[in-house]
Amino acid sequence: MRIKINKHCANSWKDELKALPKSNEYLTSAMIEHSANLAKKYLNLRDIHLNELRAGGGVIEFSNLPIDDQLCSPPTSAARPYTKEYISELVLLGVTKACGLTPFTFKEEKQAALVHEIIPLDGAHHKSLSSQGMAEFDFHTDGAYLSRNIRPHSLSLMCRMDEKQTTTNLVKISDVINKLSLKSKNVLVESRFVHTAPKTFKVQNKRIRNSIFDLVDGHYEIKAALHNVNATDEESECALFELKAAVSDCQFQKSLNAGDLIIFNNLRCLHRHCKITGMRRLQGCYGTYTSPLATVSDIE
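Residue numbering for the sequence shown follows this note's numbering, starting at 6 and increasing by one per position.
Wrong hints could be hidden among the right ones.
Stated by the list, open to error - Label-pair restraints from in silico Cβ distances: (1) Asn56 with Ile182: 25 to 35 Å; (2) Lys249 with Arg214: 45 to 55 Å; (3) Ile53 with Glu168: 30 to 40 Å; (4) Gly223 with Glu21: 41 to 51 Å; (5) Ser186 with Ser152: 45 to 55 Å; (6) Asn11 with Gly223: 11 to 21 Å; (7) Arg51 with Arg214: 22 to 32 Å; (8) Leu25 with Glu195: 42 to 52 Å; (9) Ser196 with Leu25: 13 to 23 Å; (10) Ala60 with Glu21: 13 to 23 Å; (11) Arg51 with Glu240: 43 to 53 Å; (12) Asp52 with Ser196: 32 to 42 Å.
Unchecked claim - Calculated lysine-lysine pairs in the BS3-like style (CA-CA distance at most 27 Å, straight line): (13) Lys169 with Lys9; (14) Lys46 with Lys9; (15) Lys177 with Lys188; (16) Lys259 with Lys280; (17) Lys19 with Lys259; (18) Lys184 with Lys211; (19) Lys280 with Lys190; (20) Lys45 with Lys23; (21) Lys259 with Lys169; (22) Lys23 with Lys46; (23) Lys259 with Lys249; (24) Lys190 with Lys169; (25) Lys9 with Lys23; (26) Lys45 with Lys177; (27) Lys249 with Lys280; (28) Lys211 with Lys259; (29) Lys259 with Lys12; (30) Lys45 with Lys9.
Note that these hints are calculated values from the structure, not bench results. No residue lacks a Cβ here, since even glycine has one placed at the ideal position from N, Cα and C.
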């Protein structure tokens, strides 16, 4: 499902954001609420969009959204440049909130930043970090090893620049389910798999035994980082192998231009990025259907 606005709407939206009172605290709950109201005004979001994200295919795309007038110099780390405007951050958080989710972050990840700077950094140290590496990364859901109540329910990604239009590959669980045998589906809902925390999470409990699928109100949800989950017996190994084959068959590609934003349900979709070859600068944020606005969750 895609929503596209014209240049006039994008400029009017940006002008309203620029007219907001100057403050040292731009990403407050009040500012996010204000940004969400602007997103609703310019995007004409309806129940059909919100239902698609929450209970349907789980993906909404937006095009031609306002971003900062200047990119500023690229940082040498994944930290936010201090000289940057706040247009893209307010749009990212506002759209997420307008879609029925509340932006939040984790105390143990990226220094509790509400907006994540997703900028590839070359070097061996970053190869295993999805948001900072340049190498191709396997399919995953964010926070797969966390309990459902604190796991991100959505992930929003906004493009500020992508020279080579690196593709983000997505998989909907609704497509995967149709390719799995009943036996594998039954195994995947059992706690017969070991999930390992990603290196971006600075936590003590790095491994947990759990299922890959959850059945919630009769519908399947998924939690897995396919590079970071292990089966515990022969039967679960077979089910995991079948799942990976189905995921490979069901993937579809999305490339983002400057001003494009994609939001997907982290409980119903897996994602990965292909190898990055050019300059790529994205911003992202988590969303939840349950926590208060701008919450900093403490995993431990």
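So, going through the hints one by one against the coordinates:
Hint check: Asn56 to Ile182, Cβ distance near 19 Å, so the stated range 25 to 35 Å is violated. Against the hinted window of 45 to 55 Å, the Cβ-Cβ separation of Lys249 and Arg214 comes to about 19 Å, which falls outside the hint. The hint said 30 to 40 Å for the Cβ distance between Ile53 and Glu168, and at roughly 35 Å that hint holds. Distance hint check: the CB atoms of Gly223 and Glu21 are about 42 Å apart, consistent with the given range 41 to 51 Å.
For the pair Ser186 and Ser152, the beta carbons lie near 28 Å from each other, so the given range of 45 to 55 Å is not met. The hinted range of 11 to 21 Å is not satisfied by Asn11 and Gly223, whose Cβ atoms lie roughly 41 Å apart. Under the hint 22 to 32 Å, the C-beta atoms of Arg51 and Arg214, about 41 Å apart, miss the expected range. Taken as a hint, the range 42 to 52 Å holds for the pair Leu25 and Glu195, whose Cβ atoms sit roughly 50 Å apart.
At about 48 Å, the CB distance of Ser196 to Leu25 disagrees with the hint of 13 to 23 Å. A hinted range of 13 to 23 Å is violated for the C-beta pair Ala60 and Glu21, which are about 32 Å apart. Checking the proposed 43 to 53 Å range against Arg51 and Glu240 shows it holds: the Cβ atoms sit about 44 Å from each other. Between Asp52 and Ser196, the C-beta spacing of about 36 Å keeps the proposed range 32 to 42 Å intact.
For the hint linking Lys169 to Lys9, the alpha-carbon distance of about 22 Å falls within 27 Å, and the restraint holds. For the proposed pair Lys46 and Lys9, the alpha carbon gap of about 13 Å is at most 27 Å, so the pair holds. A C-alpha spacing of about 20 Å is found between Lys177 and Lys188, which places the hinted pair at or below 27 Å, so the restraint holds. Pair hint Lys259 plus Lys280 holds up; C-alpha atoms about 14 Å apart against a cutoff of 27 Å.
Distance check on the hinted pair: Lys19 and Lys259 sit about 25 Å apart at the alpha-carbon level, within 27 Å; holds. With a CA separation close to 31 Å, the supplied pair Lys184 and Lys211 exceeds the 27 Å bound. For the hint linking Lys280 to Lys190, the alpha-carbon distance of about 31 Å lies beyond 27 Å, and the restraint is violated. A threshold of 27 Å between alpha carbons decides the hint, and for Lys45 with Lys23 the separation of about 17 Å falls inside it, so the pair holds.
With a CA separation close to 13 Å, the supplied pair Lys259 and Lys169 stays within the 27 Å bound. This hinted pair checks out: Lys23 and Lys46 have alpha carbons roughly 16 Å apart, not beyond 27 Å. Proposed proximity of Lys259 and Lys249 is supported: the alpha carbons are some 20 Å apart, at most 27 Å. In summary, the hint linking Lys190 to Lys169 is not supported, as the alpha carbons are separated by about 38 Å, beyond the 27 Å threshold.
Distance hint between Lys9 and Lys23 is fulfilled; the C-alpha atoms sit about 21 Å from each other, no more than 27 Å. Restraint check for Lys45 and Lys177: satisfied, since their Cα atoms lie roughly 26 Å apart, inside the 27 Å limit. With a C-alpha separation of about 19 Å, the suggested pairing of Lys249 with Lys280 holds against the 27 Å cut-off. For the hint pairing Lys211 with Lys259, the CA-to-CA distance comes to about 31 Å; that exceeds 27 Å, so the pair is violated.
Only pairs whose Cα atoms come within 27 Å are accepted, and Lys259 paired with Lys12 is accepted, the gap being roughly 22 Å. Distance hint between Lys45 and Lys9 is fulfilled; the C-alpha atoms sit about 13 Å from each other, no more than 27 Å.
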